[in-house]
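Peer 1: Sequence:
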Amino acid sequence: MGTAGHVDHGKTALIRMLTGIDCDTHKEEKERGITINLGFAHLELDDDFSIGIVDVPGHKDFVKTMVAGAYGIDFVLLVIAADSGIMPQTKEHFNILKMLGIRHGLVALNKCDLVDDETAELARLEIMEFLEGSPLEHAPVVPVSSITGQGIDLLKEEIKQIAASIPEKKLSSVFRMYIDRIFNIRGIGIVVTGSVLGGKINVGRELYLMPGNFDALKIKNIERHGQPVDSVMSGDRAAINLSGLKYEDFQRGMLLADKPLKEISMIDALIEFFPGIQRIEIWSQMIFHTGTFSSVARIHLLNKDELSGGDSAIAQIHLEKPAILLNNDRFILRNSSSDLTIGGGQIIDNHPLHHKRRTEKLRFSLEKLTNAITDYENQAALILLEIEKANKPVTPLQIAETLGKQLHEIEKTIQGENFPAHHYFFENKLFLASETYVNHLKNKIFLALKDWHEQNPLKETGPEAKELAGKVKLQQGFELFVLQKTLEEMIAAKDLKKTGSAFSLKDHKVKLDRKMHEQITWLEEIIHSANIQRTSLNEIEASAKLNEIRRGQLIMYLQYLTANGKIYFNGEEAIHASVVDGIRNKLLNKLVETPRGINEKEFRMLVDGTKRAIQALINIFTQEGIIEKQTFYLYITDKGREYLTNK
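Residue numbers for the sequence shown follow our numbering, so the first one is 18 and each next one is one higher.
No lab work stands behind these hints: they were computed from the structure. For clarity, every value in this text was computed on a predicted model and none was experimentally measured. Take the hints with a grain of salt, since some may be wrong.
Under the rule of at most 30 Å between Cα atoms (straight-line distance), these lysine-lysine pairs were calculated in the DSS-like manner [as the list claims (entries may be wrong)]: (1) LYS409 x LYS429; (2) LYS502 x LYS488; (3) LYS429 x LYS514; (4) LYS446 x LYS515; (5) LYS483 x LYS532; (6) LYS523 x LYS488; (7) LYS618 x LYS664; (8) LYS618 x LYS483; (9) LYS514 x LYS483; (10) LYS488 x LYS459; (11) LYS373 x LYS459; (12) LYS528 x LYS461; (13) LYS338 x LYS263.
Turn these sequences into a full structure, and let the hints steer you where they fit.
Peer 2: Structural data, given as structure tokens:
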């Protein structure tokens, strides 16, 4: 519970009456009779409820401290003096509480011992009118006196009922706690206190001080409401004894987290101005407050040209100091001189792109994101937007960490019927990708194949998956797996065709222009005229230069002739298919007549070929399976006999 209300309305005195704890512990507070720093107490109602209390200053000069105290509370005790009624800081505090998302609370109508019943009733009616239409519209108003003790027991009962009605906070995946006080206690070491914003932490675990590059800190002990505990969680007030923290390392605005979080200086947010505030235009400068952190900030409106009191807009906020912020975090905005609270808002993207241009597409996407962030029931839309933003396949754990939610919450949503994302199971892990990412990958595949076909116009098929992965800049392993799955989708949709293990565009056909046809015809004739003397690539290249055929073109022509069954080419030498056909028939007929087989020398004499040519022919016929070689002798196979029979 946190207090709120105008200065001198008796917040601290009321807490002292409720708990027996004096929250004004500093000499200056005693002398001036007002709260300057945050005060802390706890109220033990029974075995079920131990309530931590944050007492905030009411003076207008300490609104920054009030924001720090109110950040992270579950409900508010709004204190209003019966003899004064609603005052300026009553309104300011109440606006801040609404902006921070505080939806539960009650009102203590204090100092009732100083007024008669009629005045107290008028004050109560004024309060009810003030709360009308707000989250505290039906909050109980309890007449009390921090001097006489009037109404204190009733107030405790109302506090207990409200505490019982507040839903337990969902545990986020990240432990965070802004540090509001730090002590160096002799014999114990450094102790820090704060309100736990999210997650859970245990004694013995490690925490990180941020922003900054500090070593991990070991938790030695934890206290909650003055009692030693093994752990604290979201919603608790905690005192943590840390090993490794130096007093001089700490600066106001720092927080503790159970893992390193990225520092940011730019966010996208939904901002709202309090009624009556003057309008601002596209660019303005303000003071940004969240938790104990504050910074000068430049506000850039993205979906409106101006913003007036009582209105809201989406803006990009540029912070002067680095911060540790997560999506959904709430904040308060004050004017640049920090003497007027203007409004506040909620973070919708803590790692946005820098929006230099305010396009219609940007406006649409930001409004869609805002609706998903602010609609707490629409978790599926929020997850989908995070997958979209990642622009790559991500795991449910990565989504949970980014959104600050528990893994089981994310898994439950994505396992729902017809969750609209691409699912990939790789090495026992689930990855999710957006439709935009997959369509972008398909477009890259299409362009890569189009380029490949243009560079290899005489090839019927395209590259295999591994070669294609290099062309679309994907790595082996998981990225290759995603590529293969995407290729399968494109085959099923008949956008591509597959020949063996090679892929090509569905409409790809070999196209020969007149010059290419002439050059290929010339090349085939050169190889045919060589007869059994295999023609080497170097020999052909020398002649090809005279016909203005570059080496790359020459190899492409040779591959084309090979693919069309015109020649045999092993990468180094070529022989015409008609020559091979003639020799095949001659050899098989000879082997049928010679059951003992023939050796390589006899084969060479049979066809009048060189030793190099004979070796190449034996390789061809052996690969075809029509002959087999045993030591130095060649024999016809059953497949070879079948070949002759079918001729």
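Peer 1: Taking 30 Å as the top limit, are the C-alpha atoms of LYS618 and LYS483 close enough?
Peer 2: violated (44 Å)
Peer 1: Verify the proposed pairing of LYS429 with LYS514, using a straight-line Cα cut of 30 Å.
Peer 2: Status violated; Cα separation ~38 Å.
Peer 1: Holds or violated: are the alpha carbons of LYS523 and LYS488 at most 30 Å from each other?
Peer 2: Holds: LYS523 and LYS488 sit about 19 Å apart, inside 30 Å.
Peer 1: Could you grab the alpha-carbon distance between LYS373 and LYS459 and see if it respects the 30 Å cut-off?
Peer 2: This hinted pair holds, its Cα atoms lying about 29 Å apart.
Peer 1: For the pair supplied as a hint, LYS338 and LYS263, confirm whether the alpha-carbon distance does not exceed 30 Å.
Peer 2: Given pair LYS338, LYS263 holds - Cα atoms ~22 Å apart, limit 30 Å.
Peer 1: Given the hinted pair LYS618 and LYS664, is their alpha-carbon gap at most 30 Å?
Peer 2: Measuring from Cα to Cα gives roughly 27 Å; hence the hint holds.
Peer 1: Quickly compare the C-alpha distance for LYS483 and LYS532 to 30 Å and report which way the hint goes.
Peer 2: violated (33 Å)
Peer 1: Does the structure keep LYS502 and LYS488 at a Cα separation of 30 Å or less?
Peer 2: Between LYS502 and LYS488 the Cα gap is close to 17 Å, so the pair holds against 30 Å.
Peer 1: Take the C-alpha atoms of LYS446 and LYS515, compute the straight-line distance between them, and say whether it is at most 30 Å.
Peer 2: holds (28 Å)
Peer 1: Would you mind confirming whether the straight-line C-alpha gap from LYS488 to LYS459 stays at or under 30 Å?
Peer 2: It holds: about 13 Å lies between the C-alpha atoms, which stays within 30 Å.
Peer 1: Has the given pair, LYS409 with LYS429, been kept, meaning a C-alpha gap of at most 30 Å?
Peer 2: Status holds; Cα separation ~21 Å.
Peer 1: Is the Cα-Cα distance between LYS514 and LYS483 30 Å or less?
Peer 2: Within the cut-off at roughly 16 Å; holds.
Checked against the numbered hints listed earlier, the structure breaks hints 3, 5 and 8; every other hint is satisfied.
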